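In order, the protein sequences belong to chains Z, E and W.
First residue of the first sequence? That's 18 in the numbering used here, and the numbers climb one at a time after it.
First residue of the second sequence? That's 18 in the numbering used here, and the numbers climb one at a time after it.
First residue of the third sequence? That's 18 in the numbering used here, and the numbers climb one at a time after it.
Worth flagging that the hints you see were computed from the coordinates, not collected in a lab.
On a predicted model such as this, the values are computed, not experimentally measured, just so you know.
You may find that some hints are simply not true.
Said to hold, decoys possible - SDA-like cross-link-like pairs, simulated, lysine to any residue; straight-line CA separation at most 25 Å:
no.	chain 1	residue 1	chain 2	residue 2
1	E	K44	E	R163
2	Z	K115	W	E207
3	W	K205	Z	P212
4	W	K358	W	L340
Unchecked claim - Pair ranges (Cβ atoms, derived):
no.	chain 1	residue 1	chain 2	residue 2	range
5	Z	D104	W	V309	53 to 63 Å
6	E	D157	W	P45	48 to 58 Å
7	W	E323	Z	R109	48 to 58 Å
8	Z	D342	E	E47	22 to 32 Å
9	W	K118	Z	D335	17 to 27 Å
Said to hold, decoys possible - Covered by chain Z, per the in silico footprint, the following chain E stretches (three or more residues, Cβ under 8 Å):
no.	region
10	80-88
11	99-113
Where is the CB? At the ideal position from N, CA and C, for every residue including glycine.
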Amino acid sequence: MTRAANADHEPFLYDAWYVAGWATDLKPGERIGRTFLNQPIVLFRTASGDVGALEDRCCHRAMQLSHGHVEGEILRCTYHGLEFGTDGICSRIPAQEKIPKTACVRSYPLVEQDAMLWIWMGDPSKADAERIPSHHYHNDPKWAWRGAHFPVNGNWELLVDNLMDLSHLPYIHPNTIGGNPELHFKTKTETTKLPNGVKVERRMPASVPPPTYIDAKGFKGLVDRWQEIEFMPVMIRIHTGACDVDTGAYEGKRDHGFSMLGFHGITPETERTTHYFWSMATNILDGDIPDVVFEQTARTFKEDQEVLELQQVRMEADPNRPLIDIASDVGGRQARQLIRKLIRAQHEEEAREVA
Amino acid sequence: MTRAANADHEPFLYDAWYVAGWATDLKPGERIGRTFLNQPIVLFRTASGDVGALEDRCCHRAMQLSHGHVEGEILRCTYHGLEFGTDGICSRIPAQEKIPKTACVRSYPLVEQDAMLWIWMGDPSKADAERIPSHHYHNDPKWAWRGAHFPVNGNWELLVDNLMDLSHLPYIHPNTIGGNPELHFKTKTETTKLPNGVKVERRMPASVPPPTYIDAKGFKGLVDRWQEIEFMPVMIRIHTGACDVDTGAYEGKRDHGFSMLGFHGITPETERTTHYFWSMATNILDGDIPDVVFEQTARTFKEDQEVLELQQVRMEADPNRPLIDIASDVGGRQARQLIRKLIRAQHEEEAREVA
Amino acid sequence: MTRAANADHEPFLYDAWYVAGWATDLKPGERIGRTFLNQPIVLFRTASGDVGALEDRCCHRAMQLSHGHVEGEILRCTYHGLEFGTDGICSRIPAQEKIPKTACVRSYPLVEQDAMLWIWMGDPSKADAERIPSHHYHNDPKWAWRGAHFPVNGNWELLVDNLMDLSHLPYIHPNTIGGNPELHFKTKTETTKLPNGVKVERRMPASVPPPTYIDAKGFKGLVDRWQEIEFMPVMIRIHTGACDVDTGAYEGKRDHGFSMLGFHGITPETERTTHYFWSMATNILDGDIPDVVFEQTARTFKEDQEVLELQQVRMEADPNRPLIDIASDVGGRQARQLIRKLIRAQHEEEAREVA
């Protein structure tokens with residue numbers, strides 16, 4: 018793994034669990050190629066249901082293993098037929114009896130949890146599956162949810178910024194979850210540092226509900242609305258919703274209201290592109306998340322995709338040019354500071370190991 | 018603005034007025050993003066009809082302002098709602114009372130004249146609207162005209178070369194304005210230096226008129242034909258036309274003949290791409306420029322576009338490799354020398370200012 | 018010509034004859050632009066049938082001559098009408114009597130032989146047409162053949178590897194010429210160094226014939242199958258085929274069996290792309306090569322194209338990262354060693370000439 022000489026220029030946090038895909042992306046016998054943190058990876062699921070993540074480059078002639086075939090418990094390279102297990106060790110070479118020890122490809126820790134596949138791109142000895150953020154909503158029958166995978170043509174930290182500061186809602190998403198610009202204009206944001214995260218809260222009491230809320234829940238009048246954002250490297254959970262005005266929303270009585278629980282897995286693909294794995298859960302159950310909520314959410318996040326792409330073009334053209342911060346940037350800035358702190362710690366630890 | 022260390026390698030002349038668009042490109046309330054001299058710009062027209070040119074990058078998060086919205090006299094960023102006037106000063110930041118002085122984007126002098134928008138990309142203190150080349154034909158009822166905007170995948174100086182040497186007409190444009198190769202082969206070119214420009218003249222007395230001329234004017238026999246080219250940094254005016262033979266064309270009596278008055282605004286987009294804003298005017302009036310002339314001119318200039326793209330590919334591959342000049346290159350060479358002289362002067366002036 | 022400072026990093030062997038095209042690619046009066054070894058070339062055939070290869074860049078304004086027009090024995094530049102013979106010397110400049118000696122473009126030795134055009138990209142004084150590899154099958158009425166031209170998005174040496182090691186057949190080409198993986202798995206490969214080449218042989222006695230063989234020849238039972246590969250820089254000839262079992266295939270009695278004689282002209286276009294000129298000949302005659310054989314061969318080579326493109330992506334990402342060799346790589350490795358030896362000799366000779 019090549020690292021930037023200086024932690025300030027390191028684009029990635031390696032020692033973290035990232036969402037690599039949805040569990041349903043891979044049926045037994047299937048494989049898929051994806052790039053994470055600039056490293057091409059093949060994900061596959063064996064006949065017995067195990068999942069593996071290998072470097073997507075055969076050690077023989079650099080063929081992409083993601084074009085190979087799963088058979089039983091191995092992945093076979095499509096070019097000359099070398100076979101690899103989920104541990105990356107070559108178990109068979111055509112027309113050759115002896116298999117040298119160098120015949121192997123890098124394997125990455127990969128864990129299936131909460132209907133997601135989580136990958137560890139850093140030092141495998143530090144991969145502790147206990148530290149994967151739990152997202153029990155995907156297993157809780159009181160919540161209905163659906164997931165998606167959006168490719169984003171923008172740096173992953175731009176997506177963190179985007180999600181940590183919802184003051185953009187009235188401008189980018191007026192037709193779905195946005196609502197009245199003047200309302201957002203006046204709403205203050207509370208930001209709290211967590212031990213390994215950042216929390217942002219906004220409240221809009223006695224406000225007009227946005228279109229998606231009305232479509233999903235049928236609110237007739239004003240609502241007490243909330244936005245609660247929790248960042249843990251590198252995912253963001255956003256709980257937004259509303260109850261009829263003065264019915265206890267701000268005292269924690271929300272079951273009678275409308276809740277949208279968004280999960281946002283932010284996995285860098287390259288310095289300039291990002292895998293955006295998101296799910297949306299609601300407390301309104303009729304077997305599945307209401308189509309209207311999922312469709313409007315997907316449309317909303319497409320709008321964000323476009324914004325990040327437009328930003329990325331300008332950022333790339335002059336990456337070191339200063340920008341100004343405004344009041345609503347506090348949450349995003351704290352998230353970026355935490356990311357930078359973790360990247361610096363990662364560099365210092367590596368320096369110690371080398372010394 | 019980053020400038021090349023050496024004037025000889027500077028690709029652009031900054032201190033000049035360039036065509037940024039047609040006045041009709043922007044109705045009140047509209048905005049458009051374009052890049053000039055490598056700088057992304059948003060052009061917009063306010064409700065009251067004023068036009069503005071701002072850097073197309075919000076000072077907050079680098080969002081492209083050309084995706085924003087004009088409301089009244091301001092342009093609002095579509096991401097977080099910051100508002101800017103035509104002067105580039107931010108007049109409103111959501112959820113924030115105080116607006117810091119750093120909240121502004123660069124604004125560029127932009128002038129509407131002769132149905133065109135003219136932009137000054139250099140030092141704003143040197144922008145003198147009096148020096149914008151006048152092109153009264155766009156306002157003169159004796160002339161009918163139509164304009165167009167062609168993107169060219171080639172360096173802007175290649176377009177200058179192309180227009181200053183019309184000996185290419187019989188080879189590139191045989192089906193429209195070209196004419197007989199042997200005729201062009203023998204035609205000599207007169208070149209004159211002007212105080213701030215270059216003039217080129219060619220005469221083809223008693224010659225066969227090219228197809229467009231016959232289609233437009235209905236010439237039955239030979240004609241006295243002329244080509245008069247005037248370069249002023251950075252536009253070119255080309256007056257071509259013909260009268261029936263021996264009816265006074267070369268003594269200035271041309272009203273009874275056929276005149277095509279071409280305006281060519283050459284605005285660099287990047288080192289390798291160019292905005293080509295051209296108009297064609299004729300003295301044949303029936304309310305509008307004849308369709309046949311405009312269509313054939315557009316087809317002709319498309320042929321030039323293709324040539325410049327093919328040249329650009331070879332030029333880029335080996336930019337410093339020598340080329341040979343031929344007799345007909347005099348006008349183009351003088352235009353390039355004048356451009357280089359102005360770029361050198363621009364560099365020397367900047368060096369003095371720094372000292 | 019720019020050469021790498023070190024022979025080990027030189028991507029091309031210049032002093033060699035390369036296939037530039039099929040003789041039928043150019044009728045009298047036609048021209049075509051192609052890039053070989055990073056050099057853009059225009060190939061053309063004059064009215065009298067001569068063929069020429071010139072640098073595809075006019076010496077005047079760098080226009081691509083491949084967009085020009087052949088008239089009689091010259092190629093005329095489409096921009097300003099300069100005319101060049103097959104020797105690259107300019108014979109006419111419009112509006113100018115005198116033609117300077119510098120008005121010329123580089124010409125390359127080009128020879129028509131065995132229905133192919135062969136070009137010499139290195140020092141012209143070393144171009145010896147006697148050394149062009151003979152391929153008499155294209156002129157022999159006992160063989161029927163057809164040729165093709167495939168663009169490959171991969172480095173030319175990857176194509177050498179591919180063709181020198183046919184152990185990939187069962188994995189990449191199971192539907193055409195592949196056959197049983199287990200069979201290939203056990204087949205040993207004999208490799209022999211030739212004075213200026215490498216020879217590889219594989220035998221599969223008493224084996225099940227692959228689909229293409231059955232489709233073409235109608236084998237009913239087991240066959241004695243052979244694969245004989247001959248590399249000469251830079252082409253590969255592959256003779257594969259089969260006879261009914263125990264009918265003399267390995268004693269040279271093959272006329273009663275099924276033979277496929279493949280010619281593979283491997284001409285680098287750039288470091289990362291390759292012209293693949295191949296032909297397939299068979300001994301089954303009914304005026305032409307059977308459609309089924311040609312179609313299945315073309316489909317087979319398309320499969321190789323895809324593999325090389327997938328390899329190229331990974332190779333480019335980390336060109337110096339080691340790969341491991343396996344038993345079947347002997348032939349390919351020897352071919353690469355010979356190529357490298359010739360490139361080193363080329364560099365040493367140039368160094369001597371400079372000294």
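Structure-based check of each hint:
Restraint check for K44/E and R163/E: the C-alpha separation of about 18 Å stays at or below 25 Å, so the hint holds. Proximity of K115/Z to E207/W is assessed by CA-CA distance (about 19 Å); at most 25 Å being required, the pair is judged to hold. A C-alpha spacing of about 62 Å is found between K205/W and P212/Z, which places the hinted pair above 25 Å, so the restraint is violated. As the CA atoms of K358/W and L340/W are separated by approximately 21 Å, the hinted pair is consistent with the 25 Å bound.
One distance hint, 53 to 63 Å for the beta-carbon pair D104/Z and V309/W, is violated here, with the actual separation near 44 Å. With their beta carbons about 54 Å apart, D157/E and P45/W fall inside the hinted range of 48 to 58 Å. Between E323/W and R109/Z the CB atoms are about 23 Å apart, so this pair departs from the stated range of 48 to 58 Å. Evaluation of the 22 to 32 Å hint for D342/Z and E47/E yields a pass: the beta carbon distance comes to about 31 Å.
As the Cβ distance of K118/W to D335/Z is approximately 48 Å, the hint placing it in 17 to 27 Å is violated. A stretch counts as covered by a chain when three or more of its residues have a beta carbon under 8 Å from one of that chain; for the region 80-88 of chain E and chain Z the count is 3, and the coverage holds. For the region 99-113 of chain E, the assignment as covered by chain Z holds, since 5 residues bring a beta-carbon within under 8 Å of that chain's beta-carbons and 3 suffice.
The structure shown violates the earlier hints numbered 3, 5, 7, 9.
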